[in-house]
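J.: Here are the chains, one letter per residue:
There are 2 protein chains.
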Amino acid sequence: MAKIDFFYEFASTYSYPSAMRIDDLALDYDVEVNWRPFLLGPIFKAQGWVTSPFNLYPDKGRYMRRDLERVCEALGLPPFKMPKTFPAHSLLPARVALCFSGEMRAAFSRAVYDAEFAHGADVSDTKVIEKILKSLGEEPAKIFEKVNTQAIKDALRTETEAAQKCKIFGAPAFVTEDGELFWGNDRLEAALEWAAR
Amino acid sequence: MAKIDFFYEFASTYSYPSAMRIDDLALDYDVEVNWRPFLLGPIFKAQGWVTSPFNLYPDKGRYMRRDLERVCEALGLPPFKMPKTFPAHSLLPARVALCFSGEMRAAFSRAVYDAEFAHGADVSDTKVIEKILKSLGEEPAKIFEKVNTQAIKDALRTETEAAQKCKIFGAPAFVTEDGELFWGNDRLEAALEWAAR
Numbered sequence: 001m002a003k004i005d006f007f008y009e010f011a012s013t014y015s016y017p018s019a020m021r022i023d024d025l026a027l028d029y030d031v032e033v034n035w036r037p038f039l040l041g042p043i044f045k046a047q048g049w050v051t052s053p054f055n056l057y058p059d060k061g062r063y064m065r066r067d068l069e070r071v072c073e074a075l076g077l078p079p080f081k082m083p084k085t086f087p088a089h090s091l092l093p094a095r096v097a098l099c100f101s102g103e104m105r106a107a108f109s110r111a112v113y114d115a116e117f118a119h120g121a122d123v124s125d126t127k128v129i130e131k132i133l134k135s136l137g138e139e140p141a142k143i144f145e146k147v148n149t150q151a152i153k154d155a156l157r158t159e160t161e162a163a164q165k166c167k168i169f170g171a172p173a174f175v176t177e178d179g180e181l182f183w184g185n186d187r188l189e190a191a192l193e194w195a196a197r
Numbered sequence: 001m002a003k004i005d006f007f008y009e010f011a012s013t014y015s016y017p018s019a020m021r022i023d024d025l026a027l028d029y030d031v032e033v034n035w036r037p038f039l040l041g042p043i044f045k046a047q048g049w050v051t052s053p054f055n056l057y058p059d060k061g062r063y064m065r066r067d068l069e070r071v072c073e074a075l076g077l078p079p080f081k082m083p084k085t086f087p088a089h090s091l092l093p094a095r096v097a098l099c100f101s102g103e104m105r106a107a108f109s110r111a112v113y114d115a116e117f118a119h120g121a122d123v124s125d126t127k128v129i130e131k132i133l134k135s136l137g138e139e140p141a142k143i144f145e146k147v148n149t150q151a152i153k154d155a156l157r158t159e160t161e162a163a164q165k166c167k168i169f170g171a172p173a174f175v176t177e178d179g180e181l182f183w184g185n186d187r188l189e190a191a192l193e194w195a196a197r
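Line by line, the protein sequences are chains X and U. Okay, so the first sequence: first residue is 1 according to the numbering used here, each after it adds one. Okay, so the second sequence: first residue is 1 according to the numbering used here, each after it adds one.
Some hints here could point you the wrong way.
All copies of an identical chain are treated as equivalent in the list; a pair is satisfied when it fits inside any one copy or across any two copies.
[What the hints assert, rightly or not] Below, in silico cross-link-like pairs of lysine-lysine (DSS-like), each with a Cα-Cα straight-line distance of 25 angstroms or less:
#, residue 1, residue 2
1, Lys81, Lys153
2, Lys131, Lys146
3, Lys146, Lys134
4, Lys167, Lys134
If you are wondering where the hints come from, they were derived from the structure by calculation, not from laboratory data.
Starting from the given sequences, assemble the full structure and let the hints guide the process.
T.: This is how it looks when you write it as structure tokens:
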């Protein structure tokens, strides 16, 4: 079965619609999805950006919000809602995601995106993550203990370095087994088609 | 009949596939296309950019080239070919385009994009534009005389200011009669659908 790497960042608005639809869509293409959370911060910093380009360039930021309202409506997702603080500090949800694997990582990630962009929650808030973990039947205290271990810290650093090696400069990004890179929610179908052929 | 403004910049790689397909596609949606060449330079300068973001951010630039190879292949366009100098200095073709109106402006614009991104020509070169004009049955000397009139200079300034008023920050961009802005070749279908409804 063909595989695809799905690189996503919890602060990334366009990663949200991809996270909500990639697993269903991948079934149609018979492609296995590897969910890989990473941090865009170090990559943006290397480009000289201290925050999201959507904050650096206000017209682009305003457009992105309107575009995502339309994209979410077209996909049948709840009305798009920006959290008060943007971009979110995504370290906590990214590390928590890496405490899980397989379907559980995907389910946790979708729940984070839903809280963030359908309900405007601050996903850097421990209480928000705690609520999500409980809703998934997990014991938050157990996970939070794991989150601060060196193994999980290293795992996130490894994922971010892997993204850099793939020359990823934004999220979401999709990388096929033969190393083809696709960027953006608009390229999800093309990436899966490439992976499947 | 519904109308749409198609804002394009001759140096913009993603404007190319939109220029090649917008008129045929607009027929399907029963929408009239208003071809509006403008200059991104002043808009980029206001954002603090001295050149294309594809030059400022090399990973993004490399990705854009690869992505356009795939996009052109998928659309049945000739193999994508970057001109040696990028971005092209687009003042000359933009002013020439404004010497024409209607179908002639569209035909000239498509011919410029074909020379630039299917054949790698430098469209700031008077000889390249001369050849294109001849191929369209125009008298280059007559057009070049018109190009340097104050009326044409003002027309291009007016188009660029109109783009700025629409909060356009990149090309191609599509603006419907009710002021809805769509950015990028990937949004052409959505823009036409919006215009038609």
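J.: If a hint holds in the structure, say so; if it does not, say that too.
T.: Tested hints:
| no. | hint | in the structure |
| --- | --- | --- |
| 1 | Lys81 with Lys153 | neither (30 angstroms within a copy, 43 angstroms between copies) |
| 2 | Lys131 with Lys146 | within (17 angstroms within a copy, 68 angstroms between copies) |
| 3 | Lys146 with Lys134 | within (16 angstroms within a copy, 71 angstroms between copies) |
| 4 | Lys167 with Lys134 | neither (36 angstroms within a copy, 43 angstroms between copies) |
Checked against the numbered hints given earlier, this structure breaks hints 1 and 4; the rest are met.
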